[in-house]
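Just so you know, the sequences run in chain order S and R. Using our numbering, you'd call the opening residue of the first sequence number 390 and step up by one each time. Using our numbering, you'd call the opening residue of the second sequence number -7 and step up by one each time.
In case anyone wonders, no lab produced these hints; they're calculated from the structure. One or more hints might be untrue.
Computed beta-carbon distance windows for the label pairs [what the hints assert, rightly or not]: (1) Glu19(R) x Val453(S): 12 to 20 Å; (2) Arg524(S) x His125(R): 50 to 58 Å; (3) Ala100(R) x Leu517(S): 30 to 38 Å.
In this text, all values refer to a predicted model and were calculated from it rather than measured experimentally. The beta carbon of each residue, even a glycine, is placed where N, CA and C say it ideally should be.
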Amino acid sequence: MGWQFVLAAILGAIAYLDRTATFQLMLHRPLVVATAMGAVFGNVSAGAQVGAVLELLYLARLPVGASIPPDDTGAALFAGAAGAAASSSVGLDAGSFTALLLLSVPCAELGKVVDRLVRRVNGRIAALTVEAVERGDSQAVEHGLFAGLTLFALAGMALSLAFTGAGVAAGKFLLPRFGPESKADFAALMPILPLLGAASVFSCSRTDRTAPVFYLTMMMVFAAILFFRWAG
Amino acid sequence: MSEGLSRDVRRSVWRRQFLLQGCWNYEGMQNVGFTYSILPALRQLYGGRPEEMAKALKRHLEYFNTQPSMAGVILGASVRIEERIAARDADPRAIGTFKVGLMGSLGAIGDAYFWGALKPMASVAGAILSLVHPLLGIAALLLLYNLSHLSIRLQGFAAGMAGEESAVQYLKGAGFASRTMDRKIVAAILGGAWAGAAGSRTAILFGGGAASWGFFLVSVLTVHLLTVLFRKAVSPSEVLLFLLIVGTLILLQ
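Can you build the whole structure from these sequences, using the hints too?
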């Protein structure tokens, strides 16, 4: 189990660096992170299953200017690890799936708080950089930047360990405490989660031209699936 | 392309733009990252002139913030202006005016394109294809986003390096408004397909039949209500927390 957490911390640090500080190649997206955590903790498809829904949930919050959206990377670390830990040979049941997606919300909010803290500390690093440059030290710029990067990476690593640890604990110890009936009751909330994701996408892409396109496609796909099920 | 700077320096500046947000902070935002990116050019231009080097560094440590993937345009053009300042052919204040003048509009264009259109399109395509195979979904997400992302970083930097006028011409000619709208339409189609598939799954779970269209209407109303809430600045986290409370109450019954 130890090596799994080491791997999760390394992958998590890379994802958190990609989220803000470096490349922004979308390696931090929930689909990528949750699938990777599923692979690390033993069930790729369970990770991908929760990652696909999480991928869309938070899209409505854009990282514009100084605003920080909820930490969907942290939510994916938790849910991917929890999904893999909670799944059995038949996969992840609907109640557990719903529960761990909803339980990942505190991780998304905690990650946001830590991100804000890191950016505040970076303010101090930037101020020290300016002071050093005024004294004629041009290398201070490089030192300042690498200090900021290190801070983002360390915070990402700590969050990854905390969230995957919490995820594995939730998957192994919390969810099994509930019986099949409780899980079936909880699963009643599941249909709303993909619709929440669709609403998130729609709120980003909504214009006078795209609104009819969205609802028309929704109706056609809905009708096509029911038709093929009826015909087949 | 700039002739005064070596190819290695230009490549180094281009590579360093990926670390623009490495020391993101609330006061100067991307100031340290921008200075770090342009540093190799400044070192070559002001080699042996420490006082001018210090002044140049201070110029770039001023507040700077734009959409990170669009920063290459400003970075390239700033290198060209610094060349002229180093040759005493331009006023040092020109660089601040140029950066401040462009960063806001580039930020708005970039936010609309990258966060408001390209990312939702790539995300929903990835989510749908991951239902076929997880790796297919991840590949689709990364390819759809990064093909556009990396080409804009490359083209934007090259246009900036060709001069300020070329940078402005690039922004006018790149057609960001139409590209944004195209990707929003694709995102809406894919988002609609995702919502239709989710709604039909619920209808089938409850037995299908004539009542299915009732489920469709409920799905449409749910999406519409949630979209209105998001537009009124309600966070998805707040909706999810509400659902978590409802779920806990169901369990406690």
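Hint-by-hint comparison with the structure:
1. About 18 Å separates the C-beta atoms of Glu19(R) and Val453(S), a value consistent with the hinted range of 12 to 20 Å.
2. For Arg524(S) and His125(R), the hinted distance range of 50 to 58 Å is satisfied, since their beta carbons lie about 56 Å from each other.
3. Restraint check, Ala100(R) to Leu517(S): a C-beta distance of roughly 32 Å satisfies the suggested window 30 to 38 Å.
In the structure shown, no violation is registered for any of the earlier numbered hints.
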